[in-house]
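Engineer: So the protein lines, in turn, are chains C, D and R.
Heads up, the first sequence is in this note's numbering, so the first residue is 3 and it goes up one at a time.
Heads up, the second sequence is in this note's numbering, so the first residue is 3 and it goes up one at a time.
Heads up, the third sequence is in this note's numbering, so the first residue is 5 and it goes up one at a time.
No lab work stands behind these hints: they were computed from the structure.
Be a bit skeptical, because a hint or two may be false.
Said to hold, decoys possible - Taking lysine to any residue pairs in the SDA-like style, the calculated list, with each CA pair at most 20 Å apart, reads:
1. 69/C x 179/R
2. 55/R x 34/C
3. 11/R x 24/R
All of these numbers come straight from a predicted model, not from anything done at the bench.
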Amino acid sequence: MLRALNILLTTLLFSLSSAVFAVSVEDSKGTFTLDYAPKRIVVLEFSFADALASVNVSPVGIADDKKPTRVLKEVRDIIGEWTSVGTRSQPSLEVISSLKPDLIIADINRHEAIYEDLKKIAPTVILQSRGETYQDNLKSAAIIGKVLGKEGEMQQRLAQHKDTMQRFAEQLPNAVEVQFSIARKDNMYIHTADSYAGGVIRALGLSNPEITKGDKASRKVGLEQLLAINPEHLILGPYSTPNIVDTWKTEPLWSVLKVAQNGNLHEVDANVWSRCRGIMAAERIAQDLVTIFQK
Amino acid sequence: MKTLLSSFLLALLVAFIVALSLSLGAVSLSFEQILSGFDASSEFYFTIHEYRLPRSILAILVGGMMALSGALVQGVIRNPLASPDVLGVSQGAGLAAVILMTIFPSVSIFWLPWAALSGGIIAALFLWFLCGSHSGAIKLAITGVAMAALYSSAVDFLMLTKPLEVNNALLWLTGSLWGRGWNQITMLLPWLVLIPFAFSLAKRLNLIGLGDDVATSLGTSISMTRLWALTIAVGLTASCVSICGPIGFLGLIAPHLARRLVGGRHQVLLPCTMLVGMVILLLADLVARIINPPIELSAGIMTAIIGAPYFLWLLFKVR
Amino acid sequence: MLNRFKKQSYLVQCTALLAVLCLFIWLSLFSWSIVPVSASQAITALFQTDKSIIAHSIVLDLRLPRALIACTVGACLAVAGAIMQGLTRNPLASPSVLGVNAGAALGMATVTILAPSFGLFGSSVAAMLGGAVTWALVMVLGSAWRGGEHGRLVLAGVAISALCAAFTKAILILHEDQASAVLTWLAGTVANARWGHWHQLWPMALIGLVGAQLITPTLNLLNLGEDNARSLGIKLGWARILCSILVLILVAAALSVAGSIAFIGLLVPHMARSLVGHDHRKLLPISAMLGALLLLAADIISRPIIFPLETPAGAILALIGAPFFIYMVSRRNR
Numbered sequence: 003m004l005r006a007l008n009i010l011l012t013t014l015l016f017s018l019s020s021a022v023f024a025v026s027v028e029d030s031k032g033t034f035t036l037d038y039a040p041k042r043i044v045v046l047e048f049s050f051a052d053a054l055a056s057v058n059v060s061p062v063g064i065a066d067d068k069k070p071t072r073v074l075k076e077v078r079d080i081i082g083e084w085t086s087v088g089t090r091s092q093p094s095l096e097v098i099s100s101l102k103p104d105l106i107i108a109d110i111n112r113h114e115a116i117y118e119d120l121k122k123i124a125p126t127v128i129l130q131s132r133g134e135t136y137q138d139n140l141k142s143a144a145i146i147g148k149v150l151g152k153e154g155e156m157q158q159r160l161a162q163h164k165d166t167m168q169r170f171a172e173q174l175p176n177a178v179e180v181q182f183s184i185a186r187k188d189n190m191y192i193h194t195a196d197s198y199a200g201g202v203i204r205a206l207g208l209s210n211p212e213i214t215k216g217d218k219a220s221r222k223v224g225l226e227q228l229l230a231i232n233p234e235h236l237i238l239g240p241y242s243t244p245n246i247v248d249t250w251k252t253e254p255l256w257s258v259l260k261v262a263q264n265g266n267l268h269e270v271d272a273n274v275w276s277r278c279r280g281i282m283a284a285e286r287i288a289q290d291l292v293t294i295f296q297k
Numbered sequence: 003m004k005t006l007l008s009s010f011l012l013a014l015l016v017a018f019i020v021a022l023s024l025s026l027g028a029v030s031l032s033f034e035q036i037l038s039g040f041d042a043s044s045e046f047y048f049t050i051h052e053y054r055l056p057r058s059i060l061a062i063l064v065g066g067m068m069a070l071s072g073a074l075v076q077g078v079i080r081n082p083l084a085s086p087d088v089l090g091v092s093q094g095a096g097l098a099a100v101i102l103m104t105i106f107p108s109v110s111i112f113w114l115p116w117a118a119l120s121g122g123i124i125a126a127l128f129l130w131f132l133c134g135s136h137s138g139a140i141k142l143a144i145t146g147v148a149m150a151a152l153y154s155s156a157v158d159f160l161m162l163t164k165p166l167e168v169n170n171a172l173l174w175l176t177g178s179l180w181g182r183g184w185n186q187i188t189m190l191l192p193w194l195v196l197i198p199f200a201f202s203l204a205k206r207l208n209l210i211g212l213g214d215d216v217a218t219s220l221g222t223s224i225s226m227t228r229l230w231a232l233t234i235a236v237g238l239t240a241s242c243v244s245i246c247g248p249i250g251f252l253g254l255i256a257p258h259l260a261r262r263l264v265g266g267r268h269q270v271l272l273p274c275t276m277l278v279g280m281v282i283l284l285l286a287d288l289v290a291r292i293i294n295p296p297i298e299l300s301a302g303i304m305t306a307i308i309g310a311p312y313f314l315w316l317l318f319k320v321r
Numbered sequence: 005m006l007n008r009f010k011k012q013s014y015l016v017q018c019t020a021l022l023a024v025l026c027l028f029i030w031l032s033l034f035s036w037s038i039v040p041v042s043a044s045q046a047i048t049a050l051f052q053t054d055k056s057i058i059a060h061s062i063v064l065d066l067r068l069p070r071a072l073i074a075c076t077v078g079a080c081l082a083v084a085g086a087i088m089q090g091l092t093r094n095p096l097a098s099p100s101v102l103g104v105n106a107g108a109a110l111g112m113a114t115v116t117i118l119a120p121s122f123g124l125f126g127s128s129v130a131a132m133l134g135g136a137v138t139w140a141l142v143m144v145l146g147s148a149w150r151g152g153e154h155g156r157l158v159l160a161g162v163a164i165s166a167l168c169a170a171f172t173k174a175i176l177i178l179h180e181d182q183a184s185a186v187l188t189w190l191a192g193t194v195a196n197a198r199w200g201h202w203h204q205l206w207p208m209a210l211i212g213l214v215g216a217q218l219i220t221p222t223l224n225l226l227n228l229g230e231d232n233a234r235s236l237g238i239k240l241g242w243a244r245i246l247c248s249i250l251v252l253i254l255v256a257a258a259l260s261v262a263g264s265i266a267f268i269g270l271l272v273p274h275m276a277r278s279l280v281g282h283d284h285r286k287l288l289p290i291s292a293m294l295g296a297l298l299l300l301a302a303d304i305i306s307r308p309i310i311f312p313l314e315t316p317a318g319a320i321l322a323l324i325g326a327p328f329f330i331y332m333v334s335r336r337n338r
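If we strip away everything but chain C, and leave its shape as in the complex, we get (with noise of 0.2 Å):
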């Protein structure tokens, strides 16, 4: 009798452990199982390693462009060394094999076209990243989370993600018209309503200027354009200094623009607000629009 609760108990544990470790989730190229929990997991864009440090997993390999400062610092300080495995348009297969992954995060735009190589390395989840918007992002997150045998935590870091939004939002003032764009030498990109950061700037009670609704890509404009935009508020992420806009701001067209009568021409960190993405990045993106919006 006992014999027979003994063998009874062990196999419901055993069942029991191995359905812990079975998940099985949607990722862009239909369904993805895993039934072990990852450890050594190499992440090829920036969002992917912001959802492991979110849930505090530390990723062995990161297709950083062999720039780690491209990595937010806040995920920097969680995930402590990784190894780069190369540019993030063309990671090193070698040096990803060579890691030993157990899991490989890959985006589905820019590596769809290794996405074979990648799976005979090990297991790999393909998501969308580039030119993911805001919820894109955090429904990635959650599958993420689920990979990794995580999810509780995942759902409360998600739920938590929202409560800081939400915080950061009541600090913010409601429907201010702000457009994010990234200035270069001789350039001007905006991110238009369907981008990220138009995203999580949507997402805080924030809202985008008409003109730039249903339009997925960043777009480059001219002064005429942005004129036109005329936003309430403009960000500016800057890659080079000097940019363009101090060329713009020696004319006189620039002195009719809403930002340049009001005093609302903010520059925040180009890299946070248009490479990183993830639930990290928006908080710092929120945290820079409280701080421009209190001063």
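Knowing the structure of chain C, use the given hints to seat chains D and R on it.
Structural biologist: Using the frame of chain C, we list chains D and R on its own:
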């Protein structure tokens, strides 16, 4: 005797660089480790068998085919500055690929080689339609150049109006062996059939080299030979470009180098050109991988950088 | 109608072209503006400026320099093309076909990325140097001086262009951050042109255009063939060097402001020749006006295509120009 020796040395060089390609990279491997890489249970299985080996084989195939195509075009057009690029095939393939990437970004990347291949072939047909089969060689080349200019301006136009997809397209357009493997090799294999056909044209190409009048008087149909040679060149180029993207200068410089080594007889020149092409592309890909790991450069850029100085020097020589 | 226009005297043709040019400039001042500018405002802005009206500021600070620069750049490139065609006696010669554009692009990309602190002046000098080197190379390799066949010159140009383009692409990929700046430049646009650019452009353009007009008798003699020219007392070497310098001044002035604009230098001289024949004294001014008109028209067309955003005018020109190039080639060899 000299030609035999040169060919033998070239073949040896190919083998040597393949060995180097297998051992060098982001992680350097010893000889034993390379051997163990062929065993599916080894930890180097992926690096050797799934990565470096197919990449080297692909470099051999593409290098050989592109170089052969260059030799055919130069043989027919009888101009040392001609190359498969002047037929507009690479640019046509590039345009088709960029259209697929920018206008239909949701289409799976799986279709990219097929789109590029059809683009290249359509470009060749269009050129043939514009020139007809009886036109002079120089006219063919210049019309091809004009077509190439048209395709590249269309590519520029697309890349500027669709900024988000630019980087993927730009990467493909510089020609790279990154991320290519056994699948691509199997796609390329059927095209190897063209190589014996190319070799069978060697004698007639020699006659064409003597001038149109001599060739005609010796009973060679110039326009037929030209048509065959160019068709084969188009097939070789289009298939290679559809896999790796346009790899510049290979078809231009490999035949010249081979001609310096073994002379102008096409029976020897064609195989030797292939060997030279293999050496150049293998070397370019190796350098592109190891110059700044884990950053990967494009082999197409490396062939340009290796090939350009030689090309300039050559231009001054043939002047 | 075209035939009737061809039969008119040179003076009438000039006046008519000038009138059309003025009309186009006026059009470009107000058409497809996101901030509404009316047709009449475009005129009043010029003569009764009221800076408090946004429309006036747009016309004066953005649209007017843009139109003027489009005209001048178009004129410079067209005249450069006409000189090149006269000099090499090759109807396909032009800055873009013979690799000058590609060389200038390489010079410009190198400076933009390796020494960004050099600024606008540095990059135009680099563009000029790059263009000069490729032009010299193509001329020497294509053995243009010795009356080599036309195809050879063009093939040399294409090969050198490909060489420069490969290096430019390598630089682009290695410095992804700056890629968009160089790509914009490669496409060629006058959308960001301002008075500052105008002040940089006009002295060089003036020297180039006036100089070009002064050497027209020499060009006419060169067209008679080398032996004839020599027997008429032309120092061939000097004439060629002078012409080359003028071409480089014109091209560098245009490219440093508007980026790599192709095909104007190829297309326009042919259009002009069909109007006034082969006399360079008439050919050059007509080419200048037609070139100005063409680039201005391309710039106007570039606005509505993906309105309110803009397409580079250079891309539009290439799409028009390349089929013309093909037509030219197939007609010549028939």
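Engineer: With the threshold set at 20 Å, check whether the alpha-carbon distance from residue 55/R to residue 34/C stays at or below it.
Structural biologist: violated, 63 Å
Engineer: Holds or violated: residue 69/C and residue 179/R, Cα atoms, limit 20 Å.
Structural biologist: holds, 13 Å
Engineer: Quickly compare the C-alpha distance for residue 11/R and residue 24/R to 20 Å and report which way the hint goes.
Structural biologist: holds, 18 Å
In terms of the numbered hints stated before, the structure departs from hint 2 and from no other.
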